[in-house]
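Residue-level listing of the chains:
Number of protein chains: 2
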Amino acid sequence: MSEPLFDRVALIGIGLIGSSLAHNIRAHGLARHIAITTRRAETLKRAEELKLGDSYHLDAAEAVRGADLVILCVPVGSCGAVTKEIAGALEPGAIVTDVGSVKGAVVQQMRPHLPETVHFVPAHPIAGTEQSGPDAGFRELFENRWCILTPPDGTDAEAIDRLKRFWEGCGSTVEIMTPDHHDLVLAIVSHVPHLIAYNIVGTAADLETVTQQEVVKFSASGFRDFTRIAASDPTMWRDVFLSNREAVLEMLARFSEDLASLQRAIRWGDGDTLFELFTRTRAIRRGIIEAGQDTAEPDFGREHGRHEPERK
Amino acid sequence: MSEPLFDRVALIGIGLIGSSLAHNIRAHGLARHIAITTRRAETLKRAEELKLGDSYHLDAAEAVRGADLVILCVPVGSCGAVTKEIAGALEPGAIVTDVGSVKGAVVQQMRPHLPETVHFVPAHPIAGTEQSGPDAGFRELFENRWCILTPPDGTDAEAIDRLKRFWEGCGSTVEIMTPDHHDLVLAIVSHVPHLIAYNIVGTAADLETVTQQEVVKFSASGFRDFTRIAASDPTMWRDVFLSNREAVLEMLARFSEDLASLQRAIRWGDGDTLFELFTRTRAIRRGIIEAGQDTAEPDFGREHGRHEPERK
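If you read the protein sequences in the order shown, they are chains F and H.
The UniProt record's numbering puts the first sequence at residues 1 to 312.
The UniProt record's numbering puts the second sequence at residues 1 to 312.
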């Protein structure tokens, strides 16, 4: 890489995504200066200990001053308030973007506060782990992942292109779509799966006939994978569901309808209905492996145990 | 290991579990002779090519003749028919066991056919991957995993102990419980999670507003893990749901009730209810990691891609 794409990047929020971006900007020389701001002094101090940036600010407005790229890495529900806070300090010509998992609501919350002089290009990197905080970030998080941009009609093409190159610099492939379509797609591939995972872990915790200790002990048989998803950041996910309400409720209604029909098949011993669905779902899995979104390796959840047997 | 625990083991069925057992019996010297039998000539031939056993039989009765351990590794729904087929050829004193994910129904189906002279000790190794067939097996599958035995009241203690040592020889830790309790535990930690995974993959496939290609493309955000589970063997899982009907329907009813209440919280913007659940589920995840049933490593599904970036 010859010239950095940006002079000064302001990262607002330094959790999993913010800190992973910091690692990327540094490693790939995407900007000359990384300004980090976050609400909690303790988190900011930790970011400094980890040497994630070049300057550290408790005042968000101070961080964005002079920045030609401003990235909001905060839960979706905080985007509006943060934008209001920084609006007056934004440089004309700056690109303002976010990393939120919902786009319609983010656009609604941020846009009214933004001056006409900046380029607003909402973004959503489809990457994450169940971990959070400044220690959770790592450089490879965005590699081979999709990043969806949802620029409003009439957005400056050059600004879109620069942000696209930024995400490509982090290893991602960029896709452009409308906020509404983004929210529908994510409702089914991400939001409803997370809700279901949270829900079954809750159902299991509340049982009287099976102890929580038994649930933990025998979790290897499917449940374990749900608990991983259900360990995701509670604030972020609360905001996602409240902000993408319509699409989530629509997908959830379909899910429940389909589940009721499987329940009926089980009750009446209709094995053919079950078998037909279970066969159909295998084809989708093959599609995902062929698309390089996962490997065909069997996952039995014990990468370490496999080579260093530790008997209990 | 000094003396093999068994003289001749008959493996009826040579899929993921059967072939993994064959690898274990050989590697740990658990028996002198491995007799393999399976219904399809093609599968039997493949088992022979893989050198999984010492003798190969299309006739199950022939395989069990002279065996002091007979393990049914067939889908739960076939256990009754197979038991009927081998009953007359079983040696007095032989231990007859299975590996089915449901125990109440298996006991009901197998027991009536078994002669009084054999020891019937149903078993369920809690281990598996989403793959199936004789090629899918590997030695480490049972390592550090639980194996649940559900011997009927009055079963010979020496027989239970021998089978326990057999599973310990495969690397598992053995737990003993009643068939009914087993079926309740497994309904919540395994059967319902699988049903839900199958269901959401089906719901996603049926959408008109989001294409299947989009679902595959953006699956990294949660959906992908469900497709892995939903790629499990259709016949095995159909039988599981039909055989553990009561417990599955009971757990499913609770799951749907809980989901309806989350749906209501989303509709009415009740963030506290969501946040409270999402926080509670994290504790269960910690329990699972502390119990050594999973690692805390973030899983973002691309072990290979991480080191050998393959851009598409």
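Honestly, the hints are just simulated from the structure, not real lab data.
Worth double-checking, as some hints may not be accurate.
If we take Cβ atoms under 10 Å as the criterion, some of the chain H residues that face chain F in the derived model are [claimed, not checked]:
id : residue
1  : Y56
2  : E91
3  : I196
4  : N199
5  : F226
Yeah, the Cβ is synthetic: ideal placement off N, Cα and C, and Gly gets one too.
Which of the numbered hints above does this structure break? Structure breaks hints 1, 2.
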